[in-house]
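Taken in sequence, the protein lines are chains A and B.
Mind the numbering: the first sequence is residues 1 to 384 in the numbering used here, read in order.
Mind the numbering: the second sequence is residues 1 to 351 in the numbering used here, read in order.
It is worth saying that the hints were derived from the structure and are not from the lab.
Here the structure is a predicted model, which is why all the values come from computation and not from measurement.
Here are the computed distance ranges between Cβ atoms for each label pair:
#, chain 1, residue 1, chain 2, residue 2, range
1, A, 102, B, 62, 49 to 57 Å
2, B, 146, A, 321, 46 to 54 Å
3, B, 15, A, 312, 52 to 60 Å
4, B, 52, A, 116, 40 to 48 Å
Note that CB positions come from ideal geometry on N, CA and C, so glycine has one too.
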Amino acid sequence: MKHVDEYRSGELARGIARRIAEDADPARRYAFMEFCGGHTHAISRYGIEDLLPPQVRMIHGPGCPVCVLPMGRLDAAIRLARRADVTLCTYGDMMRVPASGGQSLQRAKAEGADIRMVYSTLDGLRIAAEEPDRQVVFFAIGFETTAPATAQAVLMAERRGLANFSVFCNHVLTPPAIGAIMSGTEVETAVSVPLDGFVGPAHVSTITGWKPFAEVAERFAKPVVIAGFEPLDVMQAVLMLVRQVNDGRAEVENQYVRAVTEQGNARAQDAVSRVFRLRNSFAWRGLGEVPASGLEVSPDFAGFDAERRFGIETLAAADNPACECGAILRGVKKPVECRLFGTACTPETPMGSCMVSSEGACAAHWTYGRFRDRARQAAAHAGA
Amino acid sequence: MPAPEAKAFRRKLDLAKGRVDLSHGAGGRAMVRLIEDVFHAAYASPELAAGNDQAVLALPPGRVVVSTDGYVVSPLFFPGGDIGLLAVNGTINDVAMAGAMPVALTAAFVIEEGFPLADLQRIALSMGAAARAAGIRIVTGDTKVVERGKADGVFITTTGIGVAPDGRSWRGDAARAGDAVILSGSIGDHGVAVMSRRENLSFDTEILSDTAALHGLVAQMAAAAGPSIRLLRDPTRGGLAATLNEIAQQSRVGFRLSEEAIPVRPEVAAACELLGLDPLNVANEGKLVAVVAAEAAGAVLAAMQAHALGREARVIGHATADPDCFVEMETSFGGGRIVDWLAGEQLPRIC
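I would like the entire structure built from these sequences, with the hints used as guidance.
What follows is the structure in structure tokens.
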């Protein structure tokens, strides 16, 4: 734990907070988006907002894997799990995400579907080996971080001849999502927020390296600082972003040097490029269709592709019309600006995906930060 | 002694290799055999040995306190304890949190067909030893056997009976703004110890469950400052976070905690880090939270620290006037956050 505690020191945090306050120009506003749910969680869990001066505002981004999965894909997974011959393996985070018609994986499980919560793709392989009569499907979600583990599982299944194993691939890519937020050309993203920079992804960058984000910084002329998921990492990244903005720079900088290199993890990238290929387009919750932003199992491994094996069809499914997850994922709205927040929608009864995962903006704010709303309401009241 | 009948009656249990079958719960001789050889032998309780369907107890003066709890922990044996130890200590603690001295316990077993008799005996012996150590008796019980697959090994339900002095009223709605919150020791040990032995999650750890009977500690606290104690509660399922939120709701107050004051063993912190858990949500089985009048905090704390089970006791925060009943915490990082209930399940079947 020593190695971790060093990145959570309150004393160091106060030091960085002082420097941010000194450097941030009170006459202007700084709006930074932290892309990843891991950053969102750290900001909320450690109360980082309290350490930032008022002119620096953090905007939560779409980097929560379960949040961005469109409902139609989840509906398809539930239909698949209801087949008598299928065992669906999923990460625990997905279990409570609301699907169409009041459904969820948790509810389907209670109604008899064979759904197992697993900690890794290896658990899925083990179940497939132990239960050869079952069709074991791994419900693969996540960004560049989890895609290599799914790719490895497919390669291992091929080596071991586990013909009853397949993956339902929903992996998505980070740089195109940042592009969608910045360009705002899609119908759904017509309203975009003015952003001054990004806290770039941590774990994703260990795989991809920081190079892809240099292109993002250049293309959109916005600074990107790759940062780790510890609270001091986030504080330091904010300081680096403030300085870039002040200097008029728009570069990629790497705060997370202890884990991220320029080129990333070549072996992981190799596994991903062998097993998957780019989809022409993938529909994100909140961002809509984003070209070249998702992965699918390549034809060379067609035998392990659940979409082919079971003829999975994804039907478009509309979110609850009052749910603001889409706008929240784009950074256009804050959780409290959704009228379901804290009333119909709480972590116990989530209406939208952002309220489910601890990395979701709504769940993070509800769980850790909602006491601040009281001060805001009081201030608004006093002002009125 | 009528020899032939007694001999047939005395079909011996194979405690080394035998397994529980449906006849052990069917009300026949096999069941009597099981109860006598396993439970009576382990509990050594005069009420049980009398062979009646109930126990008649003479209680000391005061008010009777009763609590009941079911135990379904998986796995049944874990570092630092087993389901039997939990079933005794856990229910004793529920009685003790009302300021009562526990006197007797009842124990009902639901056993899955095929369960090894050796394991059952090990659990019963563990319960007998725990009851003796706590100075109470297991006075009556029940045994049911269900078909294979209809239970998971063994489920145990225990009911505890104790007596609290007249006039003592420690209740969940008694906390007042300004009261001190004292925690008896480190959090998360039990949950992490159990989890370390889950089949799909095994990891090597030195962490032992903290399961312990707390009535001795409670007696010492009561002797030091009984009238100033508002309430006690043991933070089991849902951890410290759930316990403080429950109290906040019942008493219509808020709490303000200091993260730095809450002791977490480094091994527990490391395991939680790895598994993405918050120690505040992880179960404890040998800890208590006391809400006491601020002026008595020092006396209660000193009494706790003088007891083996309260040596690491700390004041971790105080109650606040808050219509929203928020449990807030100053993080060791320097920011503020809410300490909320856990949504959904973090660790199923932890006790």
